[in-house]
Every structure is written in C-alpha cells, then in structure tokens.
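Starting from the given sequences, assemble the full structure and let the hints guide the process.
For the first sequence, the UniProt record's numbering assigns the number 1 to the initial residue and increments by one for each residue that follows.
Derived by calculation from the structure, the hints in this document are not laboratory data.
All clues stand as given, with none of them false.
When the alpha-carbon atoms are kept at most 27 Å apart in a straight line, the in silico DSSO-like pairs for lysine-lysine are as follows:
hint	residue 1	residue 2
1	K7	K114
2	K114	K58
3	K93	K7
Restraint-style ranges between C-beta atoms, simulated for each label pair:
hint	residue 1	residue 2	range
4	T12	V89	15 to 23 Å
5	T76	Q21	17 to 25 Å
6	E9	K93	21 to 29 Å
7	D99	D78	31 to 39 Å
8	E109	R24	32 to 40 Å
9	R24	P79	23 to 31 Å
10	K58	K93	13 to 21 Å
11	Q42	P79	17 to 25 Å
None of the values given here were measured: they were computed from a predicted structure.
Beta carbons: idealized from backbone N, C-alpha and C, even for Gly.
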Amino acid sequence: MAYWLFKTEPATWSWADQMGQAERGEEWNGVRNYQARNFMRQMAIGDLGFFYHSQTEKAVVGIVEVCALSHSDSTTEDPRWDCVDIRAVRPFKRPVTLDQIKSDGSLDEMVLVKNSRLSVQPVLPTEWEIICELGQTTP
DNA sequence: GCCAACGTTGGC
DNA sequence: GCCAACGTTGGC
Numbered sequence: 001m002a003y004w005l006f007k008t009e010p011a012t013w014s015w016a017d018q019m020g021q022a023e024r025g026e027e028w029n030g031v032r033n034y035q036a037r038n039f040m041r042q043m044a045i046g047d048l049g050f051f052y053h054s055q056t057e058k059a060v061v062g063i064v065e066v067c068a069l070s071h072s073d074s075t076t077e078d079p080r081w082d083c084v085d086i087r088a089v090r091p092f093k094r095p096v097t098l099d100q101i102k103s104d105g106s107l108d109e110m111v112l113v114k115n116s117r118l119s120v121q122p123v124l125p126t127e128w129e130i131i132c133e134l135g136q137t138t139p
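Shown next as structure tokens:
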C-alpha cells in the first residue's frame, strides 16, 4: 500500500466538504498537471492520503482513502485528464501545519517542502508516520 | 498583493 | 526540438 498527499484550496473544496461526502467519496477532479495525474494513475484501492489545505491554512487536516481507481475526469472532455475518487477516513486530532513540517528537521525531503506546487504527491512511509504522530492521529 | 517557481504553449 | 513568453500556484 502506498501513501499520498492531496492538496486543495479550502475555499474551493475543503475537508468539511469531503467529510460531507462520507462513505460515497468524491472524484478528485480538476487536476491538469501530468505529474499529478500520473501519480493518481498509480494509486490502488485502499491507498491512504493526507488531505492538505493550502493558502490560508497550510496544514494537513485529515486522512483519506482511495476508493476508485483512476478514471476519466468528468469535469472535462479532454481525454488526457484522469482522476481517482477518495473518501474521508478521519480528521487529524490536531492539524499539522507547514511550519511544523518545515521545522521538524526529518521532513525536509517531502515533496510538499521541495515542490510546493505539485497538487498530488507521494508520501514516504516514514513521513506518513511522523506526520500522523504530530497530528496525534493513528496512521 | 507580490513574487518565485514551475509547467505549458507556440513560434521558429 | 529548443526556448521565450505566458499563465498558474502557493507561500510569504
């Protein structure tokens, strides 16, 4: 099983919105970047991901699970763009801020730090554990 | 609101 | 196939 990170502007699609979809899950559509798309194509059912709020909040706020494999993005006719579906698993007891991640020392190699613009990213198992611990949340 | 970083587009 | 121009994103 692999770990990922999904980034969103909370004003557009927030953790509350995602939670509202409950078990059904929701398309992670709107991605128009090849790297991000390719990561989604690699995802398997049951893979876990961090849900990250960019801009105003800049924090990991919850854990999601991939519940549908990559398929065509319903928001475009362009056949190049695919997306997976994800559903909320649980919120972080305490959101983990970008500041915390940057000052931790052991998370400097995270894509979130090195390439802040990539909206779908892989996360290493060690990074997953550290951030779950910071968020006081079971991995 | 600014700007750096990065990705995409299009002309050559 | 290269590269300049442009657009977008996200942190500050």
